[in-house]
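*Asks:* Sequence:
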Amino acid sequence: DFIAEPDSIPFPSRRLLPNGRYRYALWPGKKITTLLTSRGCPYSCIFCDKSVFGSRWRARGPANVLEEIEEIVKDFKIRSIIIYDDLFTLRKERVIEICRGILERGLRFEWKCEGRVDRVDEEMLRWMKRAGCSLIAYGVESGNQEGLDYLRKKTTPAQIRRAFEMTHKAGIRPMAYFILGIPVETFEGGLRTIEFAKELRPEYAQFSILSPFPGTALYDEAVSRGWYREVDAHNPFDRDRKRPVILSENWSEEKLREILREAHRRFYFRGGYLLHRLREIRSLRGIRSLGGVAWGLVRWYFSGKGRR
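Going letter by letter, the sequence shown gives residues 3 to 310 in my numbering.
The set of hints was computed from the structure by calculation and includes no laboratory data.
Keep in mind the model is a prediction, meaning the values are calculated, not measured.
Possibly wrong hints are sitting among the right ones.
FRET-style restraints, in silico, Cβ to Cβ [claimed, not checked]: (1) ASN252 / ASP51: 19 to 25 Å; (2) GLY274 / TYR24: 28 to 34 Å; (3) GLY217 / ARG25: 29 to 35 Å; (4) SER210 / LEU18: 28 to 34 Å.
Derived DSS-like pairs (lysine-lysine); straight-line CA-CA distance at most 27 Å [stated by the list, open to error]: (5) LYS156 / LYS32; (6) LYS32 / LYS171; (7) LYS131 / LYS200; (8) LYS33 / LYS79; (9) LYS32 / LYS76; (10) LYS131 / LYS32; (11) LYS79 / LYS131; (12) LYS94 / LYS52; (13) LYS156 / LYS171; (14) LYS76 / LYS33; (15) LYS33 / LYS131; (16) LYS156 / LYS200; (17) LYS94 / LYS131; (18) LYS257 / LYS200; (19) LYS200 / LYS171; (20) LYS76 / LYS131; (21) LYS32 / LYS79; (22) LYS131 / LYS171.
Just so you know, even glycine gets a beta-carbon here, dropped at the ideal spot from N, CA and C.
Put together the whole structure using the sequences plus the hints.
*Replies:* Have a look at this one:
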């Protein structure tokens with residue numbers, strides 16, 4: 003059974019952790035920690051493994067969340083926090099109450115969270131910005147309505163565009179997750195998603211090949227239709243990311259590798275994007291952090307792993 007009262011869960015014992023060693027690529031050179039304010043998600047995306055936290059959303063009270071944030075900022079001197087909730091923006095009133103509490107307590111720090119494009123509005127985003135939110139990640143997944151419908155996202159390209167417009171307007175940097183190789187989409191549909199990613203202007207775009215995990219509706223369909231390629235039976239969650247495990251009528255392994263390579267080339271190897279990231283560097287540590295990420299991407303792209 004799930005814990006009925008999330009507020010009864012003690013705060014993590016951060017004193018036992020090497021807090022100075024944790025870093026995040028989009029906050030180069032800064033000490034970070036993570037925070038969980040809720041568990042579960044009421045949505046039913048076909049690819050999501052909900053066997054751990056389930057569909058019922060259980061949230062900590064704003065006061066309890068604020069106490070932990072105050073401990074992080076004042077006791078541990080950490081001023082960069084990643085909120086790892088599946089969906090932090092689900093309840094507008096709760097988000098605003100937490101943001102108001104951050105301001106009232108005089109807590110100065112930056113933070114990132116996960117959101118849905120249909121669960122944000124201008125008022126919420128303004129409060130989030132005032133309270134220190136600098137990054138929000140959206141599961142965009144596809145720029146094609148047929149792909150969104152297949153994934154059961156219950157969103158539209160118009161909603162996605164509007165959410166990114168509002169996020170940019172609020173002064174928060176949006177991030178975006180995209181899925182390539184959706185069975186109902188063609189290679190041309192994948193290219194449209196890549197162009198859609200460029201149109202949205204996210205700070206960072208993560209492109210992934212659709213991958214079914216046991217316990218998901220996608221896994222059941224992939225197995226029943228003969229799309230699924232077996233992986234290590236001892237640990238089906240430990241996968242080689244370079245080897246696609248779902249091959250449908252529209253997507254061969256060669257096409258999947260090609261669309262992923264095109265996504266990284268067209269999105270990241272643009273002069274405007276590269277110049278924007280270079281302008282953000284403020285320290286030697288920042289140069290090292292971003293340089294490591296960039297070198298990893300270049301090495302992947304020009305190696306056989308990215309070009310096969």
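*Asks:* Now tell me if each hint is right for this structure.
*Replies:* The hints, checked one at a time:
no., hint, verdict
1, ASN252 / ASP51: 19 to 25 Å, "24 Å, holds"
2, GLY274 / TYR24: 28 to 34 Å, "31 Å, holds"
3, GLY217 / ARG25: 29 to 35 Å, "32 Å, holds"
4, SER210 / LEU18: 28 to 34 Å, "33 Å, holds"
5, LYS156 / LYS32, "36 Å, violated"
6, LYS32 / LYS171, "25 Å, holds"
7, LYS131 / LYS200, "23 Å, holds"
8, LYS33 / LYS79, "9 Å, holds"
9, LYS32 / LYS76, "16 Å, holds"
10, LYS131 / LYS32, "19 Å, holds"
11, LYS79 / LYS131, "21 Å, holds"
12, LYS94 / LYS52, "23 Å, holds"
13, LYS156 / LYS171, "24 Å, holds"
14, LYS76 / LYS33, "14 Å, holds"
15, LYS33 / LYS131, "20 Å, holds"
16, LYS156 / LYS200, "22 Å, holds"
17, LYS94 / LYS131, "14 Å, holds"
18, LYS257 / LYS200, "21 Å, holds"
19, LYS200 / LYS171, "17 Å, holds"
20, LYS76 / LYS131, "21 Å, holds"
21, LYS32 / LYS79, "11 Å, holds"
22, LYS131 / LYS171, "10 Å, holds"
Checked against the numbered hints above, the structure violates only hint 5.
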